[in-house]
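So the protein lines, in turn, are chains A and B.
Per the working numbering: the first sequence = residues 1 to 80.
Per the working numbering: the second sequence = residues 1 to 257.
These are calculated hints, taken from the structure and not from any lab test.
There could be a bad hint or two in this list.
Listed next, the in silico DMTMM-like pairs over lysine to aspartate or glutamate satisfying Cα-Cα at most 25 Å (straight line) [what the hints assert, rightly or not]:
hint	chain 1	residue 1	chain 2	residue 2
1	A	K48	B	D82
2	B	K92	B	E60
3	B	K181	A	E55
4	B	K92	A	E5
5	A	K48	A	D58
6	B	K143	B	E60
7	B	K92	A	D51
8	B	K143	A	D35
9	B	K92	A	D57
10	B	K143	A	D58
11	B	K92	A	E55
12	A	K67	B	D82
13	B	K181	A	E4
14	B	K143	A	E55
15	B	K181	A	D35
16	B	K92	A	D58
17	A	K48	B	E182
18	B	K92	B	D7
19	B	K92	A	D20
20	B	K143	A	D51
21	B	K92	B	D73
22	B	K92	A	E70
23	B	K181	A	D57
24	B	K92	A	E4
25	A	K67	A	D51
26	B	K92	A	E78
27	A	K80	A	E55
The primary structure of each chain is shown beneath.
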Amino acid sequence: MTPEEKLAAAFQAALLLPADTDLNHLTYHDIPQWDSMGHMQLVAQLEKSFDVMLETDDVLNMSSYQKAREILSRHGVEFK
Amino acid sequence: MASSSNDDVLNVAGKVVLVTGSTRGIGFAVAKRLAQSGANVFLNGVSDAALLEERRRALEEEVGRPVQALLFDVSNPAHVADAYRQIFQRCKRLDVLVNNAGILQDRLVGMIDEGTIQATLDVNVTGVILNLQAAARLMTRNKSGSIVNVGSIVGRVGNAGQVVYGGSKAAVMGITQSAAKELAAQNIRVNAVAPGFIDTDMTRKLPADIHEQRVQSIRMGRIGTAEDVADAVLFFASDLSRYVTGQVLGVDGGMLI
Numbered sequence: 001m002t003p004e005e006k007l008a009a010a011f012q013a014a015l016l017l018p019a020d021t022d023l024n025h026l027t028y029h030d031i032p033q034w035d036s037m038g039h040m041q042l043v044a045q046l047e048k049s050f051d052v053m054l055e056t057d058d059v060l061n062m063s064s065y066q067k068a069r070e071i072l073s074r075h076g077v078e079f080k
Numbered sequence: 001m002a003s004s005s006n007d008d009v010l011n012v013a014g015k016v017v018l019v020t021g022s023t024r025g026i027g028f029a030v031a032k033r034l035a036q037s038g039a040n041v042f043l044n045g046v047s048d049a050a051l052l053e054e055r056r057r058a059l060e061e062e063v064g065r066p067v068q069a070l071l072f073d074v075s076n077p078a079h080v081a082d083a084y085r086q087i088f089q090r091c092k093r094l095d096v097l098v099n100n101a102g103i104l105q106d107r108l109v110g111m112i113d114e115g116t117i118q119a120t121l122d123v124n125v126t127g128v129i130l131n132l133q134a135a136a137r138l139m140t141r142n143k144s145g146s147i148v149n150v151g152s153i154v155g156r157v158g159n160a161g162q163v164v165y166g167g168s169k170a171a172v173m174g175i176t177q178s179a180a181k182e183l184a185a186q187n188i189r190v191n192a193v194a195p196g197f198i199d200t201d202m203t204r205k206l207p208a209d210i211h212e213q214r215v216q217s218i219r220m221g222r223i224g225t226a227e228d229v230a231d232a233v234l235f236f237a238s239d240l241s242r243y244v245t246g247q248v249l250g251v252d253g254g255m256l257i
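Chain A extracted, bound-state conformation:
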């Protein structure tokens, strides 16, 4: 699985999203599942999938799918 696929899978699993969800434009609070509780699930899922430990600032700043991608890149995940 590529990092991009892993990222999509983590979002889908944590936020219970259908496979055809437009992730690239997904932002925090866009959908009912991505509330504060869902956000913590998402963080846990991303940390587990990529074997990283995010900072509190990362958690607070992760406001979109794209932002998650950016943050994970800073933690050494290489996206194409």
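Model the placement of chain B on the given structure of chain A, informed by the hints.
Showing chain B alone in chain A's frame:
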């Protein structure tokens, strides 16, 4: 030491545990009890690296398994983040946090200085929240964990000369109950113990008459031991309390203040 059949019931063996403020007193007794039950324990101290290492070695020798140590200030966000990163790097998980680190400075109302307020709240309240937050992050990954906060009887019923300490320990109760409600969905339990008059370095320094007066106020007729508290913490850390969250357990021998 617990027998092997007891260990099976407790299911503490192999669990990764951090006990803050564990170089002496209640913290060390808790760490020892959990290590004796098979837990993989991280000790913590704030500044005395030599004492922390001495305690780590002593415990390691006693249980015959590796014991780890982390020197960090529980009230410093950067230190806390680094400590939990180290736990993650070494063990990839955290199963139990015992938020024990705390300070007590007696002050009558008219004598409370700002420094005492800030120092007490930094360690006893901010420290508890920072560690709870970091621990919950690690525990959420596995949807499992137990957080045990060490409060005090003073946080429940108050005590003259302990407005700051009592306020900080009352906050620990509120933190415990709120976090329990929030984290139950992640299968993370949050409970607290509220020790009464316990035989530690701190209480041994009291004048003899006050010490005796305190013991007289205990219905069970004796001062508590750090091991009495450690056993209550073991209950919350173990599977025996698997369906218990948001509770504050008095460990005080029926003390009246």
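#### Entry: Distance restraint between B/K181 and A/E55, which requires alpha-carbon spacing of 25 Å or less
24 Å, holds
### Restraint status (C-alpha distance of B/K92 to A/E70 at most 25 Å)
Distance ~23 Å between B/K92 and A/E70 Cα, so the pair holds.
### Message
Check whether the Cα positions of B/K92 and A/D57 lie no farther apart than 25 Å.
### Response
Holds, because 21 Å separates the two Cα atoms, which is no more than 25 Å.
### Task
Assess, step by step, whether the Cα of B/K92 is no farther than 25 Å from the Cα of A/E5, and give holds or violated.
23 Å, holds
### Query
Is the Cα-Cα distance between A/K48 and B/E182 25 Å or less?
Holds: A/K48 and B/E182 sit about 21 Å apart, inside 25 Å.
### Query
Given the proposed pairing of B/K92 with A/D58, does the C-alpha separation stay at or below 25 Å?
Roughly 19 Å between the alpha carbons, so the hint for B/K92 and A/D58 holds.
### Query
Are B/K181 and A/E4 close enough, with their CA atoms no more than 25 Å apart?
Roughly 35 Å separates the two Cα atoms, so the pair is violated.
### Message
B/K143 and A/E55 were given as a pair; does the straight-line alpha-carbon distance stay at or below 25 Å?
### Response
19 Å, holds
### Message
Check whether the Cα positions of B/K92 and A/E55 lie no farther apart than 25 Å.
### Response
It holds: about 16 Å lies between the C-alpha atoms, which stays within 25 Å.
#### Entry: Proposed proximity, A/D51 with B/K92 (alpha carbon, max 25 Å)
9 Å, holds
### Task
Given the hint that A/K67 pairs with B/D82, test it: the Cα-Cα distance must not exceed 25 Å.
23 Å, holds
### Task
Decide if the proposed pair is consistent with the structure: B/K92 and B/D73, CA atoms, cutoff 25 Å inclusive.
With a Cα-Cα distance of about 22 Å, the restraint between B/K92 and B/D73 holds, given a limit of 25 Å.
Going down the numbered hints, you'll see the structure goes against 6, 13 and 19, while the others check out.
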